[in-house]
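Chain residues, written in single-letter form:
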Amino acid sequence: AQSVSQHNHHVILSEAASLELGCNYSYGGTVNLFWYVQYPGQHLQLLLKYFSGDPLVKGIKGFEAEFIKSKFSFNLRKPSVQWSDTAEYFCAVIPGYSSASKIIFGSGTRLSIRP
Amino acid sequence: EPEVTQTPSHQVTQMGQEVILRCVPISNHLYFYWYRQILGQKVEFLVSFYNNEISEKSEIFDDQFSVERPDGSNFTLKIRSTKLEDSAMYFCASNEGYAGQETQYFGPGTRLLVL
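These protein sequence lines are chains Y and Z, in that order. Note that our numbering gives residue 82 to position 82 of the first sequence, counting from 1, and the numbers run on in steps of one. With positions in the second sequence counted from 1, the corresponding number in our numbering is that position plus 1000.
The set of hints was computed from the structure by calculation and includes no laboratory data. Some hints could be false.
So, partial list: chain Y residues that the calculated Cβ filter (under 7 Å) puts toward chain Z [to be verified]: (1) ASN32; (2) HIS43; (3) LEU44; (4) LYS49; (5) TYR50; (6) ILE94; (7) LYS102; (8) ILE103; (9) SER107.
Cβ coordinates follow ideal geometry from the N, Cα and C atoms, glycine included.
Produce the entire structure from the sequences given, and follow the hints as far as they go.
See the structure below:
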């Protein structure tokens, strides 16, 4: 079955630390890849997405992610986190190109930033 | 920037009662979705809808659930006879439906509590 795995359930960092959140998916075909963020009390917001082309994609708020096809991975990175990055981060996959396709979400990583 | 909106933000109901959750997708979008997130668990796909028909539904979306687009703007999720385990946050999403534009935009959610 198609699935998305996020390796870290809860990550705690100090401000200015570098961040990398792992994400692996299980699907052998073409995929569209996403990272969504959910700030406390708010709804899911798109952080960045990969459809094709350059496997290093840049998103909002200084986040980036790298698609490594051979590893079925799409890890999220940020060089220097801020307290305002405290949120839950969801890796997500749409298998294939169909616009009707469902999103398959990972279980989420809760990021806590110490001021 | 256009947004997906949902009403109500919170709904409390008694087990066995019917509930209708409402969503207004982004106006030029063609594909509509419902997802849910039980507290502490991952976001799960329920159903996708296009051209006034269900495109895909999950195992969760049984006969107790139905969706409808009653007019040109609203997209509703009805739960006929709620169960305790239906308590969750329900998210509506929509996308434009064009190839290469599979990004789904999410609403703020409706928190449903079944007592």
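Hold the hint about Y/ILE103 up to the distance rule: shortest CB distance to chain Z must be less than 7 Å. This interface hint holds because 6 Å falls under the 7 Å limit.
Hinted contact Y/LEU44 with chain Z - closest CB pair below 7 Å: 4 Å, holds
At a threshold of 7 Å, is the proposed contact between Y/ASN32 and chain Z supported by beta-carbon distances? 5 Å, holds
Interface hint check: Y/SER107, Cβ to nearest Cβ on chain Z, cutoff 7 Å. Holds or violated? 4 Å, holds
The hint names Y/TYR50 as touching chain Z; please verify it with the least Cβ-Cβ distance against 7 Å. Interface hint status for Y/TYR50: violated (11 Å vs cutoff 7 Å).
Would you settle whether the hint for Y/HIS43 is holds or violated, based on the nearest Cβ-Cβ distance to chain Z being less than 7 Å? Interface hint status for Y/HIS43: holds (4 Å vs cutoff 7 Å).
Could you check if Y/LYS49 really has its C-beta closer than 7 Å to a C-beta on chain Z? Constraint on Y/LYS49 satisfied, holds at 6 Å.
Does Y/ILE94 meet its interface restraint, that is, does its C-beta lie within less than 7 Å of any C-beta in chain Z? 6 Å, holds
Evaluation of the interface hint that places Y/LYS102 against chain Z, nearest CB under 7 Å: 4 Å, holds
The structure fails hint 5 only (numbered hints given earlier).
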